[in-house]
Amino acid sequence: MHLSLKGSLDRQPLTDRLGDRLLAEYGGAAAAYSLRALNGNGDLVVRVRRASDNAEQDFTAAEVSNGTLESFCGVGDGFVETWYDQSGNGNDATQSVAASQPKIVSAGVFLGEVDFDGVNDSLETTNSNLCNVGALSVFSVLKPDIAPTSVAVAFSCGSVVFNSSVYGGWRLNFNGFLDKAEFQTQAIGSSGVSTVSNDVGGSDTLISYVADFPDASTFANGEAGLTSTNNISPNNNNSSRRLFRIGCQFTFTRSGFYHEPIKEIILYTSDQSANRVAIETNINDHYNIY
Amino acid sequence: MYLLFSTEQDAWDRSEKEGIAHGLAYHTKGQGSRYVSAPKETIDGLWALDVTGYDLDELEQSTVTPDVTFPQPTEDLM
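Read top to bottom, the protein sequences are chains A and B. Going by the working numbering, the residue at position 247 of the first sequence is 247; the numbering climbs one at a time, nothing skipped. Count along the second sequence from 1, then add 1000; that gives the number in the working numbering.
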């Protein structure tokens, strides 16, 4: 029997190709969320509630992209109940409140991303150990929220609030007045806030942040933004407030809701400066952002 | 439109009751979505539940209000 390798590869979903084995090649991620298979296998990536009858189902990356998800949702909308952590650490991001679930299918069409409404959508892990860290590396593909507001938090641990000493943590914030992506840290007990930032536009962007505190750098589409040698090491002493959340931060309540789609978030609680370019290349090879 | 509750738990209980009526997965499969909407604390210390789309009884219909004020972090006011 003759097997055509090219034919087999052509039939293979894009999300299952070897180039997507990012987490296998650059191991040690603390949490990783995407709609592609970051391990290049059949891991679950998302659990979706369909609006028509509130039924829910788990999906792999292949099922998300090959029409299975759209078939499940029919002509209606689909919402993310769980964005599964592909790092192997079980840091699944969930939302048990139907009205607060971000959208993934709109009128029967897969969006290719997780879309947050800027009102109350958010996903939350049960992990409080990603906040008070000595080193942190973050890689994210998202559409910058550059609406004219100073606070739009794509994801966070705890919160960052200027002129107050009762908050602390880290966040990727978007300042729509300045069109900047701001990676910010704060330690509870101090009103000081550290910011490293990049100029951004309104299209999909790969934002990278690597820090071995107090040193920190940020990049947008591989281009260096600001670098700091005195970044505040993030800290929050409240284990429920400092949980890792997507789509908001947590002050005394969820706030700073994000109003744009997110495609991917990969977190390391280590300094990935040496791997940064390679990880960015892997991501850009998939999304063709720049 | 909001219903106001004196405790957060009462608000969550009402949201869960609606979730049961809507057949959310937690109540039918034991896993997944459980509540329809989330309560938020008001500036008066009450708990407001957005009941848009809820099947309200007569008493609830007579007490819903569109006027609720929520506290905001200092930075959000900038």
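Note that these hints are calculated values from the structure, not bench results. Just so it is clear, CB atoms sit at the ideal spot from N, CA and C, and this is done for glycine as well. There's no promise every hint is true.
To give a feel for the contact side, a few chain B residues facing chain A, derived at Cβ under 10 Å [said to hold, decoys possible]:
#1 D1013
#2 K1017
#3 Y1026
#4 T1028
#5 K1029
#6 Q1031
#7 S1033
#8 S1037
#9 A1038
#10 K1040
#11 G1045
#12 T1063
#13 P1066
#14 P1071
A short, non-exhaustive set of chain A residues, derived as facing chain B with CB atoms under 7 Å [what the hints assert, rightly or not]:
#15 S52
#16 N54
#17 E81
#18 S96
#19 V97
#20 A99
Hints versus structure:
1. Proximity of D1013 (chain B) to chain A is violated relative to the hint, the smallest CB-CB distance being about 14 Å (cut-off 10 Å).
2. Taken as an interface hint, K1017 (chain B) does not check out: its beta carbon lies about 13 Å from the nearest beta carbon of chain A, beyond 10 Å.
3. With 10 Å as the threshold, the beta carbon of Y1026 (chain B) comes within range of chain A, its nearest partner Cβ sitting at about 7 Å, so the hint holds.
4. Interface hint at T1028 (chain B): satisfied, since its Cβ lies 8 Å from the closest Cβ of chain A, which is below the 10 Å cut-off.
5. Interface hint status for K1029 (chain B): upheld, as the beta-carbon distance to the closest one in chain A is roughly 7 Å, under 10 Å.
6. With a cut of 10 Å, the hint placing Q1031 (chain B) at the interface with chain A holds, because the nearest CB-to-CB distance is about 8 Å.
7. Using the Cβ-Cβ criterion of 10 Å, the hint placing S1033 (chain B) at the interface with chain A is satisfied: the shortest such distance is roughly 5 Å.
8. Hint on S1037 (chain B) holds. Least Cβ distance to chain A is approximately 4 Å, under the 10 Å limit.
9. For A1038 (chain B), the interface hint holds, since its Cβ comes within 10 Å of a Cβ in chain A; the closest pair sits about 5 Å apart.
10. Nearest Cβ of chain A to the Cβ of K1040 (chain B): about 7 Å, under the 10 Å cut. The hint holds.
11. Against a cut-off of 10 Å between C-beta atoms, the interface hint on G1045 (chain B) is violated, since the closest Cβ of chain A lies about 13 Å away.
12. A distance limit of 10 Å between C-beta atoms decides the matter here; for T1063 (chain B) the minimum to chain A is near 20 Å, and the interface restraint is violated.
13. At a threshold of 10 Å, the smallest CB-CB gap from P1066 (chain B) to chain A is about 16 Å, leaving the interface hint violated.
14. The interface hint given for P1071 (chain B) holds, since its Cβ lies 8 Å from the closest Cβ of chain A, which is under the 10 Å cut-off.
15. With its C-beta approaching chain B no nearer than about 11 Å, S52 (chain A) sits outside the 7 Å limit, and its interface hint is violated.
16. With 7 Å as the threshold, the beta carbon of N54 (chain A) comes within range of chain B, its nearest partner Cβ sitting at about 5 Å, so the hint holds.
17. The beta carbon of E81 (chain A) is positioned within 7 Å of a beta carbon in chain B (closest approach about 5 Å), and the interface hint is therefore held.
18. Given the 7 Å rule on beta carbons, the hint for S96 (chain A) holds: about 4 Å separates it from the nearest Cβ of chain B.
19. Annotation: V97 (chain A) was flagged as interfacial toward chain B, and the flag holds, the nearest CB pair being 5 Å apart, inside 7 Å.
20. A least Cβ separation of about 4 Å between A99 (chain A) and chain B falls short of the 7 Å threshold, and the interface hint therefore holds.
The structure is inconsistent with the numbered hints 1, 2, 11, 12, 13 and 15, although it conforms to all the rest.
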